[in-house]
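Model the placement of chain B on the given structure of chain A, informed by the hints.
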Amino acid sequence: MLEATDITVTFGRHRVLDRAAVTVSPGEVVGLAGPSGCGKSTLARVLALLLRPSGGRVVLDGQPVHRWRHRAPRRTAVGLIFQQPRLAVDPRFTLLDVITEPLRANRRPLTRAHELAEELGLTPELHSRRPHEVSDGQLQRACVARALALEPRYLICDEMTTMLDASTQAHLVARIEAYRERTGAGVLAVSHDIELLERWSGGNVRELAPTLPIKEAAPATGERSSA
Amino acid sequence: MKLRVEGLSVRFRLPGAVVHAVTDARFELREGHCLALVGESGCGKSVMAHALLGLLPANATVTGHAWLDSLDLVAAGERTLAREVRGRRIGLVPQSPAAHLTPVRTARAQLAEALRELGRPETPDELARRAGLRPGDLDRYPHQLSGGMAQRVANALALAGDPPLILADEPTTGLDRPLVEATMAELRRLCDEGRAVLLITHDLRAAEQIADDVAVMYASRIVELTEARTFFTAPRHPYAAGLLDALPTRAFTPVPGQPPELTRLPGGCAFQPRCPRATALCDEQPVLNGVACHHA
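Here the protein sequences line up with chains A and B, keeping their order. full-length UniProt numbering puts the first residue of the first sequence at 1, with every later residue one more than the last. full-length UniProt numbering puts the first residue of the second sequence at 1, with every later residue one more than the last.
No false leads were slipped in.
Going by beta-carbon spacing under 10 Å, a handful of chain B positions derived as facing chain A: (1) L204; (2) A246; (3) R250.
Read the hints as simulated data drawn from the structure, not as lab findings. The beta carbon of each residue, even a glycine, is placed where N, CA and C say it ideally should be.
Chain B extracted, bound-state conformation:
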């Protein structure tokens, strides 16, 4: 399995404005690897996940390619995505698992439905065991599940169709640190089983725990794409360095200013107005070559 994203762009048309949500994204993800996509809220990282699954609203325009082996997810029709891709080739681990589950049905009923719709021979109990749940836990309704258990039920749902690629969209929002670490360990285990994991998060420490590679997104563009170890020890893009410096365990100083509106992106490098290294050179859009910065 290989996911190759080539020049993926997403635009939303609004009355009197165009939102540049994702611009010219390029990356590759192979089985057994975890790529973390990090950045501030509103930089376009969740839109990227929804674009790959074809789950964007009608006012979105997607261009470019996202090759899942030989299938282009951008060009594929709804029928193909619904019957072959969602759940079968790409599993989604949602933001806020407790809200993702149907509140009036037990975990078992929801797993059984997913397995039936996907045409899988497994039973909910077998699936639950793979996701680290005891079969007895499945008779609970979502409000009877703790945060950690709801997370595991959501993981089990994502795994029902045995997909080789897992998209995890902010899977740790609202969880406390031990639960974040447990969720990350689960995702890492999925990687080690030979799946590919695309982790979308604003939590840099969660990313550090499991990512092989890190892509930093700023104002709709990937501005740095590098090995996780390099990113956390020697980030090259000034924005990446600023994000890391904001951690309480490091300098705890914010990046000055605020990100630009995605409807009114400045010409050239979008980070220029906040950047300590900005010069006249930055009026030209830098090309991503590991890092998209004229000064890195």
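If we strip away everything but chain A, and leave its shape as in the complex, we get:
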């Protein structure tokens, strides 16, 4: 179980999360909804062990997490897929490099990258392309393949399909569902799109309320803070 309780995060004097909690069990899809700027992406980064919260606890399969980012010993147990694939890949990598990188870093067989590319519908002529030579949809397919490469026990999809058309969205969700059914991984789907979350999680949706009333005047709200 991936369990976060009483998570508080502050940036400077700005409190973005105030005692937020969410739990994902193996094999389960949990939808996390809420308006722009309510701290969904911040909570996703805490759960992916990429951001140390100011307060609260994260427990991964029964063991409390004390170290974060590159120091987290079980970082690869949680996979994260970002909203904007262009900001999430090294522009010098080919699509195949993107998928291979986690395998190489963890000394796993690199041939797995080809299988993953095929599962995600990336045809061989796309393997040697760099990010600027492919569409957002194709790049996000590579990012999903990268997230699945180390077979994480939990997968966090942070607005994974917000920028994509309906068909690519349905395809990527179907790939993640196939992975979940095969491995029993837990999935946290973060989005402001309630209809998507209701469908994906079969109605298992939690609402993350804004910590502070979001005023129109407050700086750094809107799409920027959710990116």
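Structure of chain B alone, referenced to chain A:
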């Protein structure tokens, strides 16, 4: 005001390849109407908007006609486009308004500049009020604006020259659902004031909210052009039906396969390799007559 696009095609020359970005587009748009151009990313829909404004890079070749009343936007020179068309007869609502605004200047300074350059007598405050902003909001810098307010400032900029035609290029990218709905309501209001709106989007629900007509683009061509109500209830092109079936509120199943590369389009119907209804007939390019499909 009437926009009549006739056989518009755009090609990009690359080393060793030609990108077929838009092929033989035909449609009409009148004042008070909203036409939504929908399709997957990379199908050529944004290129169409840039072609109408003459904003394509130097390696692009545009053929065909785009009549804005009696002016052909394709044949018009840069001087005409800069002095008479952009901002004055066509306003652009950009993708990502926050990135479109100059970060080091207040909203007021940017509106004032647009009004001055366009030779309009209005003040920024009056313009802001028309776009649903309070005059006090204009003293903020772009990073102090919320997503919704940045969108309204961008709308106000597009409206500065009182253009009869608005091009909205993916105006809702990255906005959450309430903001998408508010942005769409703004665009609809512009239509109801008597402007024409060309909405370019991959968000079918946003299109459903305000469009009178829908054009579906696939692999550089418009494959279906119909009334919005007909499109959302009984789409005729198999690709249009597939896109709608992919919505989470419907079947949530993707269209199988992937769109072809615009540098290597197959002969005949470009949707043929992914189409459940494909037959030998599809080796011939179908003609758009409401729908471009031999089987619809």
